[in-house]
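Asker: Assemble the complex: chain H is given as a structure, and chains R and U must be docked to it using the hints.
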Amino acid sequence: MAVIAGRPNRGALLPSRLSALSSSRAGSLTIFIVRRILWMIPIVFFVILITFFLMHLAPGSPWDRSGGRELSAVVRHNLDIKYGLNQPEYQQFELYLWNVAHFDFGLSYQYEGKTVTTLIGEGIPYTATLGVLAFVIIVPLGIAMGVLAALRQNTRTDYITMGFATAAASFPNFVVGALMVVVFSVEMAKWTQHAFFLPAADFGVDDHLIMPVITLALLPIAYTARLTRASTLDTIRQDYIRTAWAKGLSERLVVVKHVLKNSLIPVVTTLGPTFAFLVTGSVIVETVFNIPGIGRAFVVAVTSRDYPMILGTTVLFSVVIAVANLVVDVLYVFIDPRVRLT
Amino acid sequence: MHLGTRIRALALASAGLFVVAACGGTTAAPSLNLAPAAQQILRVNTGVEPNSFDPTQQSYTYEAAVGRNTFQSLLQPKADLSDVQPAAAKSYDVSSDGLTYTFHLQPNAKWSDGKPVTASDWVYGYQHLLNPALAAPYVDPFFDTTIAGAANYGNVDVSSASAIDSYLSGLGLSAPDANTFVIKLAHPAAYFKWVVTLWVAIPLRKDVVESAAGGTFASTDTTKAEVWANNASTIIGNGAFKISEIVSKDHVTMVPNTYYWGGAPKLQQVIYYYISDGNTEFSKYQTGALDIANVPLADVTVVQGDATLSKQAYLYPELTAFWMTFNTQKAPFDNPKVRLAFAKSIDRNALATDVEHGTAKGLASFIPNGMAGYDTSDTTQSFDPTAAKALLASAGVTASTLNQFKLLTRNTTGSKTINQYIVNQWNTNLGLNIQLDVIDSKTVTSRIRKGDFDIYGPDGWGADYPDQQDWADIFVSGSCHSLNWGCPTLAGYDALVQKADTELNQTQRNADYLTAQKELIDQAAVAFMYQPYEYDLVAPYVHITHTAFDDQYAPGDQNYATAYITAH
Amino acid sequence: MALAAPAVQQAVDWEVAEQQIGLWQDAWSRFRRNRLALAGAVVVVFLVLVAFLSPVLVHFGIIIDPINQEVTHIEAGPGQFGHLLGTDELGRDTLSRLMYGSRISLSVGILVQGIILPIGLAIGLAAGYFGGRIDNLLMRITDIWYAFPDLIFVLVLVSVFGPSLLSIFGAIALVNWVNLARLVRGQVLAIKEKEYIEAARSSGSPPIKLILKHLLPNALGPIIVTVVFGIPQAIFLEAALSFLGVGIQPPTPTWGQMVFDGYEAIYANPTSVVFPALAIGFTLLAFSFIGDGLRDALDPRMRR
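Protein chains in written order, with numbering that gives the first Met the number 0: chain H, 0 to 341; chain R, 0 to 567; chain U, 0 to 303.
Please keep in mind that the hints were generated in silico from the structure rather than gathered at the bench.
Honestly, I wouldn't trust all of these hints.
[As the list claims (entries may be wrong)] With a straight-line Cα cutoff of 20 Å, these simulated PhoX-like cross-link-like pairs (lysine-lysine) come out:
no., chain 1, residue 1, chain 2, residue 2
1, R, Lys449, R, Lys329
2, R, Lys498, H, Lys81
3, H, Lys189, R, Lys310
4, R, Lys223, H, Lys113
5, R, Lys89, R, Lys192
6, R, Lys109, R, Lys89
7, H, Lys113, H, Lys81
8, R, Lys192, R, Lys498
9, R, Lys517, R, Lys498
Isolated chain H (complex conformation) (with noise of 0.2 Å):
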């Protein structure tokens, strides 16, 4: 058919890892990498900027107490000294600049004499451990469910993984993770007689992972599956496909080769900022779990206004999803090779 036969290159239908590599492709594509990676310097500039004064704008100040009795005024003004905040705003701004520059993101006011580097670094193991298995089993499963469910479109395969999806997007993380402790630890535990159950929140035990694996899981996968119903959908219907499909080929192949890849874009664009939020920590499933990431701290230092710990999760939280949306723009050149970058 000249559809197939005519297409300006087989891309679409041959794996494209070698033509993307090209070496004319691959000079072009590392001049994109380098420019991208500069251009992180001012979005993490303007995410410091808008950060900071956002921050000193929120009501509330770092040495407010959540109840009680307030700290009294010559403590406050203490306080103001040893922390430089007595200092006007754009003179703690510069000097805030001029130390991330050198990568000394400062002292919590939180927690004494603690330095934000040690307390992101303490916290991003655990997050980013959580983040990467979650992720580990996201794009499988997600993209499985949903080429199964276009597949089989108006089917019961395609109707329990709707019902996957609708019910995993219903029930908040933090009720999916409180009903399987229910049920997975402290029922399980009783049943058992403490013989066995998974841990209803002990970092370090070996099963702890698996609830909160799960948990962190869940709607992503639901999301994913569904962008991939739909967007496979799409290019079943494409001519081309339907042509393959003609031409005898077998199911499996048609729907690896073609079908797949063409409906990648969507589910690829959506993973990368879904791996960035994934292994930067979710504080939900950090607080039912009890595990002791910086999704958490994160939140912890907005709500005690610890503007050192914010700036610093914040401006971690940028690179990592630059780096993520930069990942995805790649992949759009493996995935399919006329994608222009610019």
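Answerer: Below, chains R and U alone, put in the same frame as chain H:
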């Protein structure tokens, strides 16, 4: 004591002594039925990570729970809260003018590294607390017209080391010999014996602080002065336990201080977890991963209805009181009649028994049950909707005026539930339509500090020590906008409280404080609401002596030195 | 170019088809034939009716007032003390709170998507279609927007504007358009290089027509999924934001806040979290069916 982020963090227990014992025993039997050493581990939840392991920098109950176990103050309250008793000081004398306190230290007192505790360590510890550059959050009772020479705290130039040094050396603190620590006061204060029981008033080792900082440092250097408190190996205290492991955001582990003068504790490990979610804590206790846990409000009925759990549950009052604050600078809340009408239209008993499931008790007066000054004879604020309506009518205030006011509420689950009940009581019993304003806790603080509110609550106070001075001072006009957000004008109150604070005759003091309390109630300075109770689960194999007031956070936390795990 | 001929033919076919049958008329007739989509629409109409009628029902005493507290019947299970679905932590009737809660939760869920959709579409289409500097600039702005701490922004918003329903729509929309924008842009990047677009472009179609007639219909599936999935997320976000003081204050019920409050009582009364979650689930399901139906109805390839 600062109230923690959760209502539960308010825990200051009161009322006598009770013993939670295994095998049905109520007192420690001669044979202790001890579990083997490997099982002598106590796992408790404190909910929140301490901001510092330096007791002088601690202000919340969950922090002091660690501080009090790793360091020891000069004195501690007696179990019945009637007086103080020896702790790190074997005894103390007060001069006849009430101005000089001489503390005779325990002769065998040792630091957790085995070195003896000397009086100069006490001087150094108090100076560390009073160094204005370090801005210790709970320093006020020490400089605020108490310790001689300390009143200038707020005027010291904290950028000048010489200014700080001369301020610190001018304080009324001295060590005439290695075992005697003398404190001179600026004026007589009968309550000072209680002030030295605070967790912030501890000794410190100059050599440890300096070696952790990498050498001597100027007294303006706030970073180096706190390096020691961030590393388990340099947190050397004089308490029964020492910190062996700090896992940030997760837990802290304490092990016995084998050099402790009172004998090393039987518990081989005390682990304080930082689980902030009530459901998680409750789940963890049920799977046997916690030995002591607080029961979240919603789960109280679950525990009460559970044959096993209900036997492990303990309910005891806290030395805490809650009230609703009116902005008395704003009409019509400048009118005591209006405030009283609001106070009288809340059914406190239904709040305590139904909404709080019995984990609170209605309190229409100021000082809570369990300490000196508790008195419920004045029933002016008691529930009486008819009288309340009449008061409102006689004040000439219409519903439409009152309906434009809002009840400012912190966004904690506890405050939100209670305030929905309270507002419903006002709306039902007074025929009003007042709305809630639930916002982020820090925003609430910044608003009430500026006086930008109509009604706010529930706000409260947990006793630092069981002396009325700790309570009565809250409502003196000078402390407006510190906890006294409503700033009511109370004729004669300030003079009365000041007289009682400096009076040495206890009977006279009690009488004066009672008169002062009566004025708070009658003028409806605030609407007094309830006294909270702790409702905790304690595993049957945990043997703790619970001495009420000492237990700042979890049951028995001041007596872990004598607590143990029984064979099970 | 000979190789592109079939694609040109395709594009021409569609335009001819559109002239013959009106786009919307055609879509509507196909939507009506989709039974699931129709069922979804019926459910949504029902929910909207409930939302409109619940104050009336309360007024005439047909359902219990959702703010009426029976403190002696706290956390009652379904069917106890005359409460069909039980009560909450202050003894308020769960059924009437669910019915009343639909008012705010539905409007938040739907209206917020109504704000996000045009913003996300406009920015995504512009970035993807024009590419180059415009794309780079817009996408770097989304990078900043993603990283930007919305929690603090909301705190500032409350202090400046105070609580209002409008600030809730604004706050949720403001933090959520980025995802859609990047999604649309990705779709456009991929589709615009396809032959039939090239063909349409070379045949001289103006950009707007190209976007509306060729780019958008082919990118619709994932966009609809994202918008539909945004509905429950907005409902939950409303509850989280109310917590910070933006928007709806208790005791006015919303589904999201009912889930949050129900979570506290997960041991005492698990149904108090299940019922509002089910209501949200049904809403999501209904909109998913409608979304699927809409996508099929608007699909250019299905129109032959």
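Asker: Work down the list of hints and note, for each, if the structure agrees.
Answerer: Now for the hints, and whether the structure bears them out:
A distance of roughly 13 Å separates the Cα atoms of lysine 449 of chain R and lysine 329 of chain R; the hinted pair therefore holds under the 20 Å criterion. Distance check on the hinted pair: lysine 498 of chain R and lysine 81 of chain H sit about 36 Å apart at the alpha-carbon level, beyond 20 Å; violated. Taken as a hint, the lysine 189 of chain H and lysine 310 of chain R pair is honoured in the structure, with Cα atoms around 17 Å apart against an allowance of 20 Å. For the hint pairing lysine 223 of chain R with lysine 113 of chain H, the CA-to-CA distance comes to about 11 Å; that is within 20 Å, so the pair holds.
With a C-alpha separation of about 14 Å, the suggested pairing of lysine 89 of chain R with lysine 192 of chain R holds against the 20 Å cut-off. For a cut-off of 20 Å, the pair hint linking lysine 109 of chain R to lysine 89 of chain R stands: about 14 Å separates their Cα positions. Between lysine 113 of chain H and lysine 81 of chain H the CA atoms are separated by roughly 14 Å; this keeps the pair inside 20 Å, and the hint holds. Distance hint between lysine 192 of chain R and lysine 498 of chain R is fulfilled; the C-alpha atoms sit about 18 Å from each other, no more than 20 Å.
Restraint check for lysine 517 of chain R and lysine 498 of chain R: satisfied, since their Cα atoms lie roughly 16 Å apart, inside the 20 Å limit.
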